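S.K.: Each protein sequence line maps, in turn, to chains L and X.
Our numbering numbers the first residue of the first sequence as 1 and each following residue consecutively.
Our numbering numbers the first residue of the second sequence as 1001 and each following residue consecutively.
Just so you know, these hints were derived from the structure itself, not from any lab.
It should be emphasised that the depicted structure is a prediction, and the values quoted were computed from it without experimental measurement.
Hints should not be assumed to be uniformly reliable.
Said to hold, decoys possible - Far from chain X, some chain L residues (derived; all Cβ distances over 10 Å):
#: 1; residue: Asp-17
#: 2; residue: Ala-129
#: 3; residue: Ala-179
#: 4; residue: Arg-185
#: 5; residue: Asp-203
As the list claims (entries may be wrong) - Residues on chain L that point at chain X, a partial pick, calculated with CB under 7 Å:
#: 6; residue: Ala-94
#: 7; residue: Val-96
#: 8; residue: Thr-351
#: 9; residue: Ala-354
#: 10; residue: Ser-355
Note that beta-carbon positions come from the ideal geometry of N, C-alpha and C, so glycine has one too.
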Amino acid sequence: MSVTPSARGYGWAVQTDYATQKALAAGAIKEVVNQDQNFLDFDPATQNDEDWSHPGINSATDEWVETQNARVSHTMPGFSQQLGELLYINGQYAVVTPGGGTLSREHSFKPTDPTVTRQDKAVTYCETAGAGYNALVRSMVSDGWVIKGDGKGILTADYNLIGSGHVNFAPGVTWYPTATPNVARRTGQHKLFNSQVALVVTDAGTPTTYACRYRSFEFAYKKTMLDDAGMSPGCGLFLTAGDPTSGMIRGSHEFDKQMLDFTLRVDMAVGSPEAIACQLQKPLDILLTATGGIIEGAIRHKLSMIVPIAKYTTTKPTVADGIMQFTISGKALFDFTTNKLFEVKLINDITTYASAF
Amino acid sequence: MSEEKIKLRVPANPPEGFPEYVSQGNLATDLPRGEVIEISDRAFADWLVRELGLESLRPVESPLEADYPADFPRREIFIGLGIAAIDARGLDRDGLIALNGVGEKTADAVLEYFASETDGDNNGGN
């Protein structure tokens, strides 16, 4: 029987620290629903002796592995609940019960404070393509995310996971339809759509509510990673413990810089206020919300992207949907008043992401 | 990273929106209202105080602890008895030995300590 893409599956589980893989048990790993068909880029760094001195031999005679490397890129749909897991592994987290709520929670995500730690949470990641392919990677960290919405579709989030290099191609991870599999299925997800988005940009206390003028958004949180620093020769960490010929793996994977860039597309307005804001480099406060269905009472699933200080870097007239629009690019600046670069708030029915996956 | 646990008190009546749980990387804690939590990591504890206004419960030195220098012989006995240093200074050897927990050896050490203090004062003068 042929194996088709419908056999593919992905899963992850938060580790207690960078080094320790999540132990396999029934439901210990949570399925991640992705829209793409990507799999692990497994790329060990090898060297050979091609340029070394061998009289009369003009080819390599030996090759060896120096470091193990693995990374993967995915795009997940804007599920209110699953989206929080991606945000959770990317930074600082707090949870509170909203006023009047019992089932609902408001989750807050900000960039990790580098004065506290530069090591964000790591996950144990697994993927399968049917019986022929099953991989488990321990200690994968995310270098950010790109959350976006366009047209009539569902919101999406692009993300990368970068591993320590420790990959197990015979992990024994079990998936549905195995009874009580290691990877718990993901059900009951609430979708957030671009049609639920509201954009408000405030200039010196004067808000502009875009309403029907709003078209699309993209917020890209990026962390530069200390890729090489985590491959510390002194740690003596190898793919096979105690075997230095099996290739080094990382003992940590910290971030260096944190940045948030954004792109907004809006219909043109008389006087081109966006172009003038760019020209004058006005500090702007951006609030973008996507409000979904009701959880309880008047409390709804809601995603809020909050940028206290942003400046436009470019504004360019563009044609889309047959009309003239402005495509605005910009950058968030750290706000000393609120002590943050940005904040993402997510209201949903997850009790806490600390134990959600 | 400090091995000693740092005690912090969570506000009993925090402002609306005060979190129930926070994490920074792999550092995390619940924030039960009005209770004392223990944090192992100094930087995380400092952040909790700085950002969320938790009260740092550092050990408070009692007035008597300040009264007795760290090298005072068996200072814990005198602090425990609640005797001010100025009163201890007024006691002779028998008076010191009469105190609960003070033996001949301690009494002699205390008298020697006071004498050395006096010598030091005299030497410091013109």
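S.K.: Taking each numbered hint in turn, which are not upheld by the structure, reported in ascending numerical order?
M.R.: Those not satisfied are hints 1, 8, 10.
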